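**Student:** Residue strings, one per chain:
Protein chains: 2
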Amino acid sequence: MNFEALLSSRTRLMTANAIREILKVVSKPGVVSLAGGIPSPESFPMDIMRELTDRVLTKYSSRAFQYDLTEGFIPLREQISLLLESRGITATTENVNITSGSQGILDAVAKLLISKGDKIALEAPTYLGALSAFNPYEPLYIRMDMDDEGLVPESLEETLKTNKIKFIYLVPTFQNPTGRTITLERRIRIASIIKRYNALLVEDDPYSALRYKGEDIPAIKTMAPDNVIYISTLSKIFAPGLRIGFYVAPEFLSQWLVLVKQGVDLHTSTFNQALAAEYLKGKYLDSHLPEIISLYRPRQSAMLSAIKEKLPGEFACSPSDGGMFLWVTGPCGFDMIKLYHKAIENNVAFVPGKFFFTNENEGIETMRLNYTMADEKTIAAAMGKIARAIDSL
Amino acid sequence: MNFEALLSSRTRLMTANAIREILKVVSKPGVVSLAGGIPSPESFPMDIMRELTDRVLTKYSSRAFQYDLTEGFIPLREQISLLLESRGITATTENVNITSGSQGILDAVAKLLISKGDKIALEAPTYLGALSAFNPYEPLYIRMDMDDEGLVPESLEETLKTNKIKFIYLVPTFQNPTGRTITLERRIRIASIIKRYNALLVEDDPYSALRYKGEDIPAIKTMAPDNVIYISTLSKIFAPGLRIGFYVAPEFLSQWLVLVKQGVDLHTSTFNQALAAEYLKGKYLDSHLPEIISLYRPRQSAMLSAIKEKLPGEFACSPSDGGMFLWVTGPCGFDMIKLYHKAIENNVAFVPGKFFFTNENEGIETMRLNYTMADEKTIAAAMGKIARAIDSL
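Quick note, the sequences are listed as chains D and C, same order. Read in my numbering, the first sequence has 279 at position 283, and its numbers run on one by one without any break. Read in my numbering, the second sequence has 339 at position 343, and its numbers run on one by one without any break.
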């Protein structure tokens, strides 16, 4: 059969996976990967997992294995409502919805809102998983400027003034890929702008709990609640393999998003939601989160030191107080793809930054470095190899 | 904000939820529901769940909580490959893909293949969950005739001859909503027709393991492997709340479907896949499936008897050897919506059959009865109430 002829028109937008090709070599034995975007398995609370599963089996029994509400398992929504309160976000149990990872809500938002050709405003660079959720619905992307203080508010305003934007997508805190955080002062201005323009913001916040220094900055959701779909996840503070994301959206959109999700997966795993509910209800997060931070903080320090000490002076790192990534910009015109191939020869991998930009020729001299998956010593050694690869070019 | 103005063009197709409205009363206290479509919690292997969770924690530890392949957790794919072998379907571990329930693959197939206005051929009546997966991609539906022996092959051939069909969607065994099964003779003809027309069949098989009498009939996939995406699930033979579906598709489509799924949920819960892998690897299904069948067989018998003994002679039931549903057709023009409201007054619910048809005025005199959620005595009493409601009309 000629299956190619059967593909839908949207499918062609799903082919841009050059990054997959380039990262294939990462799994070569002996390669130290600073390319990943995943939490360390040491960060999972394995010491209490048996206690949690036992508790769920005893407390919920077959209910944890039955079909459940598309909106989410009520005991988990109650707990997430409390978690959000600690982040300054007001949401009742009914306001909280659970999805299969935050990928699930990114897909639902795109499916609900994007007609072909609709314009989505994005930070440049932006999170690739969001693009893979949005692409199949055939949007156009409008890039907005960012610097070390995050999204530039003037660029947002200019974008809203000159375009009809369906929604804005931001990762304001410890952004993937840059590790950057939008400052409080800018958040206040951004909130004011989206209210003034009646714009919808999709605020993706997977990393804010992973803060290694400085003080928490409130989500934009707290400043413009009626204009923001706030998205977060338990992947970085519990376990990613359980696929638990959550969101709080304006009521009208919430109802639609539930209907969308029903067609996609009916609901998120009841058992996993019950595990997450017991994790939060038992206050395990309170004691476990400091452990995760103690694991990652020295890794981030080690990488920051290595960048400063080992890379040539023209390689600058964006400041970052948390999350999983650091972002390095080389001298103007420096080709990180070339460096990537050189580094791979020396058994070190990272992600060339150009893949995180929607414009073809942007970000050629940038790179994303992950520090959650390797220990300090390994990070220092790997960065030494990258430095030598730079020298050899 | 005017959120309504933000909705995409596809969204309007998601509004057809009259069935939701009508079923809202079902959760009224005291109502016996024959309206559901869910397995009995008594059918879950709760006696071994602690053993399974313990085993997964010991065997896989943090690996069961980490991100995993979009294609699925390899130990589960190995086991599903063996399960499929027992159904006569040849698939290597690599050929098997895991999704978040079979809803997940229905969504992925639709997203991959349906452009607006594409024609999908369906049995009339058909499975509602498939429609809720397909609708957002804006297809047109072509209805095909079925009778007590399942899809009428001549109707399929006529449909393929006169339309450009993107794919055919069938539930050949113990169909939802009718409980009907396509006979072996017809399957052979259907396989021959789809090969002759180079047509793609999406064969959805959630129920075939739940056979209460008669002999297994091979899937159409076994007769036309290159033309069929075969879909199944562990929801009816393990636990639906774990959301484990699986499929085997022609290689070209498989690769695309994985890319589609990546944008929707990255992957299905690793922990739940590990539980399912241990359930199958430990051969628990072999001993547990007969228990599920022993639970449901007398319930089906009780309902068949009650239909025969209590309903007026003009109410005919489609023969069914398994699954979860029976399908009753009243005398021509009999309005099952009216009966529904009358039955609800007497605290019994069912689903009027018209909701399972894509054509507006079809199936007015039909009803779907579920027998998995109530015991024999309750079923008999509920059917008595329906009989009295019929008398009173």
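Calculated from the structure, these hints are not laboratory results. Among the hints, a few may not be true.
Intra- or inter-copy, both count: the list cannot distinguish identical chains.
List time: in silico EDC-like cross-link candidates among lysine to aspartate or glutamate, alpha-carbon distance up to 16 angstroms [as the list claims (entries may be wrong)]:
#1 K160 - D317
#2 K115 - E134
#3 K112 - E134
#4 K55 - D43
#5 K112 - D387
#6 K304 - E247
#7 K115 - D331
#8 K334 - D282
#9 K55 - E181
#10 K160 - D114
#11 K191 - E153
#12 K115 - E287
#13 K338 - D387
#14 K373 - E361
The model shown is predicted, which means the values in this text are computed figures rather than measured ones.
**Student:** Each hint: holds or not?
**Tutor:** Verification of the supplied hints:
no.	hint	verdict
1	K160 - D317	neither (34 angstroms within a copy, 57 angstroms between copies)
2	K115 - E134	within (9 angstroms within a copy, 21 angstroms between copies)
3	K112 - E134	both (5 angstroms within a copy, 13 angstroms between copies)
4	K55 - D43	between (20 angstroms within a copy, 15 angstroms between copies)
5	K112 - D387	neither (46 angstroms within a copy, 54 angstroms between copies)
6	K304 - E247	neither (47 angstroms within a copy, 48 angstroms between copies)
7	K115 - D331	neither (30 angstroms within a copy, 48 angstroms between copies)
8	K334 - D282	neither (44 angstroms within a copy, 55 angstroms between copies)
9	K55 - E181	neither (46 angstroms within a copy, 49 angstroms between copies)
10	K160 - D114	within (8 angstroms within a copy, 29 angstroms between copies)
11	K191 - E153	within (11 angstroms within a copy, 57 angstroms between copies)
12	K115 - E287	neither (41 angstroms within a copy, 55 angstroms between copies)
13	K338 - D387	within (10 angstroms within a copy, 83 angstroms between copies)
14	K373 - E361	neither (26 angstroms within a copy, 73 angstroms between copies)
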